[in-house]
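Asks: For the record, the sequence lines run as chains R and Z. Residue numbers for the first sequence follow this note's numbering, beginning at 309 and rising by one. Residue numbers for the second sequence follow this note's numbering, beginning at 438 and rising by one.
Treat each hint with caution, since some may be false.
Chain Z residues, not near chain R, derived (Cβ > 12 Å throughout) [claimed, not checked]:
(1) K518
(2) A519
(3) E527
(4) N528
(5) G594
(6) Y629
(7) D653
(8) V658
(9) T670
(10) T691
(11) K695
(12) E707
Calculated cross-link-like contacts (lysine-lysine; reagent style BS3-like; alpha-carbon spacing at most 30 Å) [what the hints assert, rightly or not]:
(13) Z:K556 x Z:K715
(14) Z:K488 x Z:K714
(15) R:K467 x Z:K448
(16) Z:K500 x Z:K532
(17) Z:K657 x Z:K640
(18) R:K405 x R:K467
(19) Z:K448 x R:K310
(20) Z:K448 x R:K405
(21) Z:K695 x Z:K509
(22) R:K310 x R:K467
(23) Z:K509 x Z:K532
(24) Z:K500 x R:K310
No lab work stands behind these hints, which were simulated from the structure alone. Ideal Cβ placement from N, Cα and C applies to all residues, glycine included.
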Amino acid sequence: MKRGITLAILIFTFFILQSTVVQGIRLGGVVPNLTVILVTSTAFFRGKTTGLLTGFFCGLFSDFFFGDILGFYAVTYMCIGYLCGFATREFYDFDLKLPLLLIAASDLAYGMIVYWCLFMMRSRMNVSFYLLRIILPEVIYTTVAAVVVYRILYLINEKLTADETKRGGYFA
Amino acid sequence: MRKKRFSLSSKYVLLLLSVICVALAVGSYLFGFSRGPVNRAAGYVITPVQKGLSAVGGWIQDKFGFLQDKDKLIQENKELKARIDELTLENTTLKGNSFELYRLRALYQLDTEYAQYPKVAASVIAKDTGNWFHNFIINKGKKDGVDLDMNVIANGGLVGKIVAAGDNWARVRSIIDDSSNVSAMTQTTGDYCVISGSLEMLKNGEIAMSKLYDTDDNVKVGEMIVTSNISETYLPGLLIGYLSEVELDANNMTKSGKLSLVVDFEHIREVFVITQKKAVQ
Numbered sequence: 309m310k311r312g313i314t315l316a317i318l319i320f321t322f323f324i325l326q327s328t329v330v331q332g333i334r335l336g337g338v339v340p341n342l343t344v345i346l347v348t349s350t351a352f353f354r355g356k357t358t359g360l361l362t363g364f365f366c367g368l369f370s371d372f373f374f375g376d377i378l379g380f381y382a383v384t385y386m387c388i389g390y391l392c393g394f395a396t397r398e399f400y401d402f403d404l405k406l407p408l409l410l411i412a413a414s415d416l417a418y419g420m421i422v423y424w425c426l427f428m429m430r431s432r433m434n435v436s437f438y439l440l441r442i443i444l445p446e447v448i449y450t451t452v453a454a455v456v457v458y459r460i461l462y463l464i465n466e467k468l469t470a471d472e473t474k475r476g477g478y479f480a
Numbered sequence: 438m439r440k441k442r443f444s445l446s447s448k449y450v451l452l453l454l455s456v457i458c459v460a461l462a463v464g465s466y467l468f469g470f471s472r473g474p475v476n477r478a479a480g481y482v483i484t485p486v487q488k489g490l491s492a493v494g495g496w497i498q499d500k501f502g503f504l505q506d507k508d509k510l511i512q513e514n515k516e517l518k519a520r521i522d523e524l525t526l527e528n529t530t531l532k533g534n535s536f537e538l539y540r541l542r543a544l545y546q547l548d549t550e551y552a553q554y555p556k557v558a559a560s561v562i563a564k565d566t567g568n569w570f571h572n573f574i575i576n577k578g579k580k581d582g583v584d585l586d587m588n589v590i591a592n593g594g595l596v597g598k599i600v601a602a603g604d605n606w607a608r609v610r611s612i613i614d615d616s617s618n619v620s621a622m623t624q625t626t627g628d629y630c631v632i633s634g635s636l637e638m639l640k641n642g643e644i645a646m647s648k649l650y651d652t653d654d655n656v657k658v659g660e661m662i663v664t665s666n667i668s669e670t671y672l673p674g675l676l677i678g679y680l681s682e683v684e685l686d687a688n689n690m691t692k693s694g695k696l697s698l699v700v701d702f703e704h705i706r707e708v709f710v711i712t713q714k715k716a717v718q
């Protein structure tokens with residue numbers, strides 16, 4: 309319950325931040341993708357189901373406010389959440405390498421999907437331009453941002469897990 | 438405990454939600470699925486928060502700006518000063534012309550000046566979350582008389598049009614968005630062309646101009662491009678930008694080129710919505 313509420317607040321906060329404050333740190337026309345960080349990290353901590361649900365709701369926010377076709381971002385983020393769920397560990401310690409790699413891969417996949425579905429389909433064929441000027445800079449910026457953001461999400465997850473074990477409940 | 442509650446396997450959840458998404462997509466595409474209730478809820482919960490945080494975003498952007506080259510600013514200042522001189526001169530000539538304009542306008546009973554359109558001021562409270570499209574959310578909606586297809590202007594130039602509207606918010610698709618197309622014409626010769634946003638050209642601060650039919654070679658670089666009188670949604674005569682490049686297409690009939698923009702889209706904070714729709718007969 310507590311976890312559900314925390315997650316809902318996180319999804320809401322991340323969407324708001326992404327559309328407002330994050331726009332202020334645009335570098336070379338590119339902003340980091342916090343949503344991918346949230347979805348990937350949640351899936352990594354909690355597994356496939358939680359991952360895909362997080363992705364679904366994150367995507368839905370984008371769809372309602374910025375999407376032309378409802379459901380596109382929801383499906384995209386949901387698939388990312390689901391696939392990242394395969395990397396969940398029963399026990400893990402704080403290690404940045406795997407989650408950062410996962411986040412970078414997810415963001416790359418996200419970029420490719422958006423390019424393929426929303427740009428290439430409208431005959432924007434200059435793949436190298438989109439890859440080098442949009443997708444890869446976003447991956448790099450997102451990964452750098454993830455160094456900080458993932459840490460915060462990790463701490464929140466630790467706190468929740470500790471509370472749950474204290475209450476004698478279940479164990480992640 | 439959790440395992441027992443969630444007996445549904447993740448595969449089925451994925452499948453179920455995918456189906457919902459597809460249904461939503463088809464629904465919104467085919468039936469223009471009214472997002473009514475969600476829009477309303479979103480408007481009252483999210484918009485106020487975005488309003489406050491956008492100010493924070495703007496502040497960060499300003500601070501970020503300071504880190505950028507001082508030389509660039511000095512250079513820009515020099516250029517701008519030169520531009521002021523240029524404009525003062527131009528202004529004098531224009532003042533002379535404006536008298537004639539009023540006279541002629543009275544003659545033709547035209548009133549196409551911006552100032553005569555009813556406008557609503559709005560601030561930008563959120564921008565597109567990704568790096569692909571250029572939509573933004575403003576803090577005025579249906580309650581303030583803002584509705585679909587209304588034109589949005591800022592800095593004396595065209596910004597875009599409203600593509601979605603809630604009670605107290607609306608989404609603007611800017612003309613630099615990759616999926617935007619505006620029917621335009623040249624100010625002096627009245628030749629029609631199409632202005633389309635392009636992510637590729639935007640990296641150089643330009644947008645694409647195409648399908649200009651100009652057999653007499655009248656259109657020169659520096660020509661003012663305004664919205665055309667044959668556009669379905671855009672009011673005529675709104676300034677879009679100045680032609681920076683023009684060349685003949687391979688078909689030897691039409692010309693295409695690039696346009697430099699009037700509106701500073703990166704720092705856009707305040708816009709005006711023209712609350713008068715173009716009446717299409």
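Asks: Evaluate each hint against the coordinates.
Replies: Verification of the hints:
Distance to chain R confirms Z:K518 as a non-interface residue, since its nearest Cβ pair spans about 28 Å, more than 12 Å. Z:A519, annotated as away from the interface, keeps every beta carbon of chain R farther than 12 Å; the closest lies near 27 Å. Residue placement check: Z:E527 keeps its beta carbon more than 12 Å from all beta carbons of chain R (closest about 32 Å). Interface exclusion of Z:N528 from chain R stands, the closest Cβ pair being 34 Å apart, more than 12 Å.
Listed as outside the interface, Z:G594 is consistent with that label: its C-beta sits roughly 20 Å from the nearest C-beta of chain R, beyond the 12 Å cut-off. The claim that Z:Y629 is not at the interface with chain R holds, since no C-beta of that chain comes within 12 Å of its own (minimum 23 Å). In this structure Z:D653 is separated from chain R by more than 12 Å, as the shortest Cβ-Cβ distance comes to about 31 Å. With a minimum CB-CB distance of about 25 Å to chain R, Z:V658 clears the 12 Å threshold, and the non-interface call stands.
Non-interface status of Z:T670 relative to chain R is upheld: no Cβ of that chain comes within 12 Å, the nearest being about 16 Å off. Chain R leaves Z:T691 outside its interface by the beta-carbon criterion, the shortest separation being 18 Å against a cut-off of 12 Å. Every CB of chain R is more than 12 Å from the CB of Z:K695 (nearest about 16 Å), matching its label as outside the interface. The claim that Z:E707 lies off the interface holds: its Cβ sits roughly 16 Å from the closest Cβ of chain R, which is beyond the 12 Å cut-off.
For the hint pairing Z:K556 with Z:K715, the CA-to-CA distance comes to about 14 Å; that is within 30 Å, so the pair holds. Simply put, Z:K488 and Z:K714 have alpha-carbon atoms about 27 Å apart, close enough for the 30 Å limit, and the pair holds. Note on R:K467 and Z:K448: the hinted pairing holds, with a Cα-Cα distance of about 28 Å set against a maximum of 30 Å. Our distance criterion of 30 Å between C-alpha atoms is broken by Z:K500 and Z:K532, whose separation comes to about 39 Å.
Taken as a hint, the Z:K657 and Z:K640 pair is honoured in the structure, with Cα atoms around 24 Å apart against an allowance of 30 Å. Between R:K405 and R:K467 the alpha-carbon distance is near 21 Å, which keeps this suggested pair within the 30 Å criterion. For the hint linking Z:K448 to R:K310, the alpha-carbon distance of about 25 Å falls within 30 Å, and the restraint holds. Between Z:K448 and R:K405 the CA atoms are separated by roughly 27 Å; this keeps the pair inside 30 Å, and the hint holds.
Between Z:K695 and Z:K509 the CA atoms are separated by roughly 24 Å; this keeps the pair inside 30 Å, and the hint holds. Our distance criterion of 30 Å between C-alpha atoms is met by R:K310 and R:K467, whose separation comes to about 11 Å. A hinted pair counts as satisfied when its Cα atoms are at most 30 Å apart, and Z:K509 with Z:K532 does not qualify at roughly 33 Å. At most 30 Å may separate the alpha-carbon atoms for a hinted pair to count; Z:K500 and R:K310 exceed this at roughly 37 Å.
Hints 16, 23 and 24, counting from the list given before, are not met by this structure.
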